[in-house]
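**Q** Following the hints, put chain F in place on chain Y, whose structure we already have.
2 protein chains.
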Amino acid sequence: MKDQLAFGIDIGGTNTVVGLVNRNGTIVQVDALKTNSYKGAQAFVEALAIKLKQMIVISGDYEIVGMGVGAPNGNFYTGSIEFAPNLDWVGVVPLAEMIGKQVKLPVVLTNDANAAAIGEMMFGAAKGMKNFIVITLGTGVGSGIVANGELLYGHDGFAGEIGHTVVDPEGRPCGCGKKGCLETYCSSRGIVTTVMEMLAKSNEPSILRKIETSQMNSLMIYEAACQKDKIALEAFEFTAKILGMKLADAVAHTSPEAIILFGGLSLAGDLLLNPTEKYMNHFLLPIWKNKIKLIPSPLNESNAAVLGAAALAFKQFV
Amino acid sequence: MKDQLAFGIDIGGTNTVVGLVNRNGTIVQVDALKTNSYKGAQAFVEALAIKLKQMIVISGDYEIVGMGVGAPNGNFYTGSIEFAPNLDWVGVVPLAEMIGKQVKLPVVLTNDANAAAIGEMMFGAAKGMKNFIVITLGTGVGSGIVANGELLYGHDGFAGEIGHTVVDPEGRPCGCGKKGCLETYCSSRGIVTTVMEMLAKSNEPSILRKIETSQMNSLMIYEAACQKDKIALEAFEFTAKILGMKLADAVAHTSPEAIILFGGLSLAGDLLLNPTEKYMNHFLLPIWKNKIKLIPSPLNESNAAVLGAAALAFKQFV
Chain Y
333 MKDQLAFGID IGGTNTVVGL VNRNGTIVQV DALKTNSYKG AQAFVEALAI KLKQMIVISG
393 DYEIVGMGVG APNGNFYTGS IEFAPNLDWV GVVPLAEMIG KQVKLPVVLT NDANAAAIGE
453 MMFGAAKGMK NFIVITLGTG VGSGIVANGE LLYGHDGFAG EIGHTVVDPE GRPCGCGKKG
513 CLETYCSSRG IVTTVMEMLA KSNEPSILRK IETSQMNSLM IYEAACQKDK IALEAFEFTA
573 KILGMKLADA VAHTSPEAII LFGGLSLAGD LLLNPTEKYM NHFLLPIWKN KIKLIPSPLN
633 ESNAAVLGAA ALAFKQFV
Chain F
333 MKDQLAFGID IGGTNTVVGL VNRNGTIVQV DALKTNSYKG AQAFVEALAI KLKQMIVISG
393 DYEIVGMGVG APNGNFYTGS IEFAPNLDWV GVVPLAEMIG KQVKLPVVLT NDANAAAIGE
453 MMFGAAKGMK NFIVITLGTG VGSGIVANGE LLYGHDGFAG EIGHTVVDPE GRPCGCGKKG
513 CLETYCSSRG IVTTVMEMLA KSNEPSILRK IETSQMNSLM IYEAACQKDK IALEAFEFTA
573 KILGMKLADA VAHTSPEAII LFGGLSLAGD LLLNPTEKYM NHFLLPIWKN KIKLIPSPLN
633 ESNAAVLGAA ALAFKQFV
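Chains as they are written, first to last, in the numbering used here: chain Y, 333 to 650; chain F, 333 to 650.
For reference, chain Y alone in the conformation it holds in the complex:
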């Protein structure tokens, strides 16, 4: 039997990365294209197909089992990208079908956080786990929930939007149109807002006062915290309290073995992880206290989305 490969296609707001991945989670070929440089989705798919066909030609003596696609607002049930705010495409784009017409391989699509969860299950921190949650702490906050060994898609394909649960019904405006969503506090943008609020409310000296607010990012806050900047440290504590509280809520829904934090803010490591664990345990029912593992993803951030998308294809087609 030939060794098996799967395409992992990670569609981001800026770049689309395509990888051919083997069963061990090694990316044996990789290529990329600019997502928004094409006039509409059809032109993008045609350019993507050329890349895919080139990669098939040079892949050699392998069986390619299929293509997995991770994309913002990707719907597993319909294979469509639906009203993605960061993509230039309008309305509902039946992307899986469009790719499948160009390249004769089976194709499966889901949103990026769900793909990350499948990636963790096959190649990362959740190997062998049947119940876990992946939280992606990037520009937004995404989540993928696995229960009984299966990713939850729910009735309509959109399960796992923990980033849009409510922290404060009168809180910060969210890109989704609601107020006070978890995403407005615990994303890389959220912690910048937190620092700006703290700088405004206190007279505490801070390295961060020297940064133009339009230029400030979560990495700068992390670096300030590493230098014991009080405002930066408080901002991580505040972020961890909210994240810990909402993770405890998530545990109360699906009772996972572990929660895996991925991307963006999670790269702050123990600075975020330790207080988040403390607050999560504070807000958990006694039956769960100190029993739920909180784990940073071991996957390399630049590869993880491609691995997750490929893992989805292995799961679906093998």
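Since the hints were derived computationally from the structure, they do not count as laboratory data.
Just so it is clear, the structure is predicted and the values come from calculations on it, not from any experiment.
Take every hint as true, because none was put in to throw you off.
Using 27 Å as the maximum straight-line C-alpha spacing, the simulated DSSO-like pairs for lysine-lysine come out as follows:
hint : chain 1 : residue 1 : chain 2 : residue 2
1    : F       : 647       : Y       : 462
2    : Y       : 625       : F       : 511
3    : Y       : 647       : Y       : 385
4    : Y       : 511       : F       : 610
**A** This is chain F only, laid out in the frame that chain Y set:
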């Protein structure tokens, strides 16, 4: 082939009700005993076994497929009742095993809200649904979550504790030891606390001022609301806002087709249902607005727990 029956055993803080149920959801025999009138769990199980054996004798020419047990803090994986606050039994009681030793039939156990969810799936409002949530609004707030057609038990058997998600981290003390749990606001006790707070804070005349606070219950508040008592109406509005917000959070986790409200406060009907639906939609992401059904359970409250426990046995053993 003989017609099939299953035992449904509902263990409550006061009464334990035992029913023999057929595949159509008809209770063909029913009996009951006082849960806490026995010296310890073993004596209770022996008394229960006598009832069960009597019922088997008079059941006639049927096949009895097994016994389902719904009990507070019941753990599906272990078959035990673990630290139930409303029962006299101490610590972990391996109830399924104890019953199985007395009566030679297969036995399966879960908590009461999970049993209610299985009951709704087999006999109630969730027939044919693969993704739904049952919320029980009684003395406490319980929940059972079904995803992909399966009840979620999670890693440890305790999934579905939505009643203990956080509404206000500095809020009302909860029986679980935490503060501000959903249960402290949206249970039948919670709405009484809400009315007491409202009576203290305002000078608004109210029928409810004539009731001793130690005697007040949710039915009295319902009756006052039916007479357009302003405090009572405001209490329902306040309860509905919190419930709607936390139901929207639950939708963001598992994306159900419907949420079914059962017991206690849900008997207030449209008085609770209409504003809860309004607030839930307010707090939902645009993709879900006006798409999630909010349904009062069609099951008779006194029968539903027995039906749910029997449904669990049918599901497990047929």
